[in-house]
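Undergrad: Read off the chains here:
Number of protein chains: 2
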Amino acid sequence: MRAKLRSVLLGKAIKSAESESQKYSAFWGLPILSSDAVSSVAYAGEEVLLVLIPVLGAASYKPLLGVAAAIVALLTILVFSYRQTIDCYPQGGGSYSVASDNLGRLPGLVAAASLSIDYVLTVAVSVSAGTAAVTSAVPGLLPFKVYIALLLVAFLTLGNLRGLRESSILFGVPTYLFIVSVIVMILAGLVKVLIFHDVPAQTAAMLPRETGGLSVLLLLKAFASGCTALTGVEAVSNGVPNFKNPAQKNAKKVLLLLALLVLTVFVGICTLIALYQVVPGSSETVVSKLATNVFGTGSVMYYVIQATTTLILVMAANTSFSGLPQLLSILARDSYVARSFADRGLRLNYSNGILLLSVLSAGLVVIFQGDTHHLLPLYAVGVFLSFTLSQTGMVLHWRKVRGERWKHKAVINGIGAVTTAVTCVIIAATKFINGAWIVLICIPVLVLLMLAIRKHYDHVRANLAVTQDAGALVLSHSVKAKILLPIQSVNKSFIKALNYALSLDGDLEIYHVSTDASVTEKLLNQYATLGLKEKIVVEEAPYRNVNELLIHHVDAMEKKLGAHEMLTVVLPQFIIPKWWHNILHNQTSIRLRASLLHRRNVVVVSIPYIINE
Amino acid sequence: MRAKLRSVLLGKAIKSAESESQKYSAFWGLPILSSDAVSSVAYAGEEVLLVLIPVLGAASYKPLLGVAAAIVALLTILVFSYRQTIDCYPQGGGSYSVASDNLGRLPGLVAAASLSIDYVLTVAVSVSAGTAAVTSAVPGLLPFKVYIALLLVAFLTLGNLRGLRESSILFGVPTYLFIVSVIVMILAGLVKVLIFHDVPAQTAAMLPRETGGLSVLLLLKAFASGCTALTGVEAVSNGVPNFKNPAQKNAKKVLLLLALLVLTVFVGICTLIALYQVVPGSSETVVSKLATNVFGTGSVMYYVIQATTTLILVMAANTSFSGLPQLLSILARDSYVARSFADRGLRLNYSNGILLLSVLSAGLVVIFQGDTHHLLPLYAVGVFLSFTLSQTGMVLHWRKVRGERWKHKAVINGIGAVTTAVTCVIIAATKFINGAWIVLICIPVLVLLMLAIRKHYDHVRANLAVTQDAGALVLSHSVKAKILLPIQSVNKSFIKALNYALSLDGDLEIYHVSTDASVTEKLLNQYATLGLKEKIVVEEAPYRNVNELLIHHVDAMEKKLGAHEMLTVVLPQFIIPKWWHNILHNQTSIRLRASLLHRRNVVVVSIPYIINE
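Residue numbers (my numbering), protein chains in the order written: chain E, 1362 to 1974; chain H, 1362 to 1974.
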């Protein structure tokens, strides 16, 4: 039953040998790896506006373009910086690998922690933003936004447990659709305003009043908010091994195209916002308002824009679903997280990581009630922290490796490191009270946790390791077994256990704890009919604590054992086919087995007796 | 740690031999057994008024006295009827025993089911009513009434787990205090009105208008509501064995006194209500209003009345805490409920029954938000159903046993049976939509459940019973063991298991499931250093389903076993002292053991390897 359900939901199992399946070309790699970066522009412009509008009112649109220009400059630096990472790390240059390789264990773990937080936040943010695109188009769905977001998380979880990676075409199409339709919108909007001078009047009238002046702090805040547009750039350098050969060349090509796309779409959308003087509102996204302005309410193109926006945001969330489980599997192999994160599931994916991501992001959606804006401050700090660590790692890498024109290369990565570090500080400082402090607390906590887990694994490994000659540990002489068989009544289950205990051919003791003299007498009479030479040892339990006395007795017997001797406790256990029937039976034998297993020289033998239906 | 906490909370363990400890005299038995009955008058009058006032308005007070008279008449019949039950059942004549003895299994179970429901409802109702007395005196506590009620349930649970029965004096005093202070209030109230003609004017003015006329249906409804005053009468006949000798004589004396007390208090309170024309309101109880009228707001006697009312209502709840666990233990011995309800705890009480009652009544308090009135319709149906069954059982008892003046006795019980049956029908009919239907559904469901549980126990007993000559079942010849030892890596835990497996002296097979060829090669090299003659059987797992393949292999080996042969699977298990560290380790061995235990001829041996701290 369970296996069948699993195979319907997840598909057939995949063999380990099929691991190296489809790799992608530059054409299909671009949409898959860029969905996160391209999609962030769907909300980055809005975030910048949300900072500027309350202070500057209608005067916000010129600074918006300035902030957009600064973000594009930062993007350019990142692209050149990351092209070099791709050159050096053909096996995939995630921040964790680069930082721990070049900066050491602690910076590596900091990068891993901030990346993990980002992956979880990406899912929550993208799914919430995708939901916002849906509710902008269909306002009637607004009360159900949390459920819609959770449904999307569930869909992504199931899809990834099945292994969505196979269907790269299925993934690429929505991204291209989004890019094409947004570019159509940008061009149509520009034509409308610049050539036909067709700007709707009512939007300008609705602008809030100016309440303050332009200040450096305000610009920094706006810049910090807009930097969410740059998340997802790292995905390409992470994914180098997934490209067709020549992998590195393809990856670098994709990175460049990605930058051009982000540039076009982000600058285009910010320009349109400025031209149409769109005001962000809580129930409709800025992109939705733009589309209404450009194409008119209820037009087909409006719905195309909303639909493709939703799709690409869900695709962006999907980036995390391949990223976090991958990162966790690397961390698991290095013993920094639970080892089960390195286990591949039925469909060859890291199912435990997928499930963890699903639970955590669903939790965030519920806690923040599907409100993207509240999640964003948490988001960018970690992204830029990992950028900084990775780029700093690259600088040290060049210093160590040297090689052709290494100083030149080190300078490029150095510029990347410095600018991302400055951005990180700006975001942390300006967004501190808005929630960035949460991330700054979470990162050290996660790092300490990972160190503790590593320590535990090291400890267990040291305990289990065979250091001396393994052959010498195998006993050459035979040891006669000491066997203890508890008895509470003479029934078929006991007799089965007794037969097994007799077959072990050791010193057998049959032991009874008496809570009621009349019951014990009946038992002894029944036992007498078995005709055994072993006598029953009876102990009185005036306080009715049968298990406690049995454990004391086992402890006493264990103390008397000689070298290499083990005490074998034979426990009859009857098995009831329907699990819920177990409520009707004493769970004492289960608890008893659990406590007996914590004794060094006590072996527990479970003899099943199956109750027929 | 845990044992210490337990002993602080619950006291020291009590020996089984001390079971027959303090029994009570008539003087202390009266307050203990009557608390339920006497306390119900604290809300019964109010319930009658709540039915009458909305229809009759100020004209309600004469019918109130009529209804009270009918209830007193019913009480008189019950007392004579139950005196005869005491005579016949010196071992305690609960409805379950009397009905199943004389009417058969099904009526007995119906009585048991309705009694069980009543016990749970008694706790919820009494605790809610006690809370209402507190919030009437201190209205500021009204928003916390659910928490206060839950606190009282917790207090009763803890008290009963400790075994409150010992402290009969502690229990008797509040009841006597209540009786004395209520009688003082009744006398003072009567004197004030009848001699000094001192009735507060404003209360009469606040009376609602008459909206309808007096009808038979209205009177029946009022009667049904007031019958809650009669619950708890059965407690005396249940508790006969707890009396000092002559037990039956003492019990009958107590039953008579109880009836006199209920009569005095109930009639007195109803008279006062009529004289003062008290109107029931949601935030203050009728008794509280009476006390205000008689003694004045904020007087000492007012608070004495409220405090003793609270105390006696809590005591009434306590009746259930000895009643339900006792009933469940009898049902458990007859295999109609889980056997663990017959286990005596540390302090000799039936702790599982106490805990069940606590959870269920707390649940009801939360669901009904501590509102007594909503719970009452659920309450009385079951009580009168069990009265009827018990009295009908007594009639059949006399017919069967005959003896001196049996016809006379049968007539008395017959009158009891008929009147309680009529009352039961009245309550069920008039209160049907108010919630009585819930009880009428719960009773058959509980009966079916109890029958199913009995069937299961009978089935298990038949499966385990040794029917033929037990000695013949013990094998006379020795069987060579087949042993399977799975290996995933060569470590100290495996070597410990290996040594044990070798000591068993059977056919040992060492079995490895390979998910990764390089890991397997390393393993085989390490294994070679052990210098064993047993070769490792290696199976490939292209789908990484190690446990599944192992279980298939065990199944295949089990099929090849000869008669009386068992397959012993030796499972190394490493034990980590801190339980939460287990999250970091695969739980596969635990799941594996659980599935292997469901195979008839497979014995599972667990070899512990304890990881040092």
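It should be emphasised that the hints constitute simulated quantities derived from the structure, not laboratory data. Don't take each hint at face value.
If several chains are the same, the list does not tell them apart, and a pair holds so long as it fits within one copy or across any two.
Taking lysine-lysine pairs in the PhoX-like style, the calculated list, with each CA pair at most 25 Å apart, reads [said to hold, decoys possible]:
(1) K1894 x K1841
(2) K1939 x K1896
(3) K1920 x K1853
(4) K1921 x K1841
(5) K1841 x K1857
(6) K1853 x K1939
(7) K1857 x K1883
(8) K1768 x K1816
(9) K1373 x K1768
(10) K1614 x K1894
(11) K1384 x K1553
(12) K1365 x K1883
(13) K1365 x K1376
(14) K1921 x K1853
(15) K1650 x K1614
(16) K1896 x K1921
(17) K1384 x K1605
(18) K1853 x K1761
(19) K1921 x K1423
(20) K1761 x K1610
(21) K1610 x K1883
(22) K1605 x K1857
(23) K1883 x K1939
(24) K1376 x K1883
(25) K1614 x K1921
(26) K1768 x K1610
(27) K1841 x K1610
Undergrad: Are the hints correct? Go through all of them and say.
TA: Going down the list of hints, with the structure as the test:
no. : hint          : verdict
1   : K1894 x K1841 : both (18 Å within a copy, 21 Å between copies)
2   : K1939 x K1896 : neither (36 Å within a copy, 39 Å between copies)
3   : K1920 x K1853 : between (32 Å within a copy, 22 Å between copies)
4   : K1921 x K1841 : within (14 Å within a copy, 28 Å between copies)
5   : K1841 x K1857 : both (22 Å within a copy, 16 Å between copies)
6   : K1853 x K1939 : within (20 Å within a copy, 38 Å between copies)
7   : K1857 x K1883 : within (20 Å within a copy, 41 Å between copies)
8   : K1768 x K1816 : neither (38 Å within a copy, 85 Å between copies)
9   : K1373 x K1768 : neither (52 Å within a copy, 78 Å between copies)
10  : K1614 x K1894 : neither (85 Å within a copy, 59 Å between copies)
11  : K1384 x K1553 : neither (42 Å within a copy, 98 Å between copies)
12  : K1365 x K1883 : neither (50 Å within a copy, 35 Å between copies)
13  : K1365 x K1376 : within (18 Å within a copy, 54 Å between copies)
14  : K1921 x K1853 : between (31 Å within a copy, 23 Å between copies)
15  : K1650 x K1614 : neither (34 Å within a copy, 87 Å between copies)
16  : K1896 x K1921 : within (20 Å within a copy, 35 Å between copies)
17  : K1384 x K1605 : within (5 Å within a copy, 89 Å between copies)
18  : K1853 x K1761 : neither (74 Å within a copy, 41 Å between copies)
19  : K1921 x K1423 : neither (87 Å within a copy, 84 Å between copies)
20  : K1761 x K1610 : within (24 Å within a copy, 102 Å between copies)
21  : K1610 x K1883 : neither (85 Å within a copy, 37 Å between copies)
22  : K1605 x K1857 : neither (62 Å within a copy, 49 Å between copies)
23  : K1883 x K1939 : neither (31 Å within a copy, 42 Å between copies)
24  : K1376 x K1883 : between (59 Å within a copy, 22 Å between copies)
25  : K1614 x K1921 : neither (74 Å within a copy, 62 Å between copies)
26  : K1768 x K1610 : within (22 Å within a copy, 108 Å between copies)
27  : K1841 x K1610 : neither (69 Å within a copy, 66 Å between copies)
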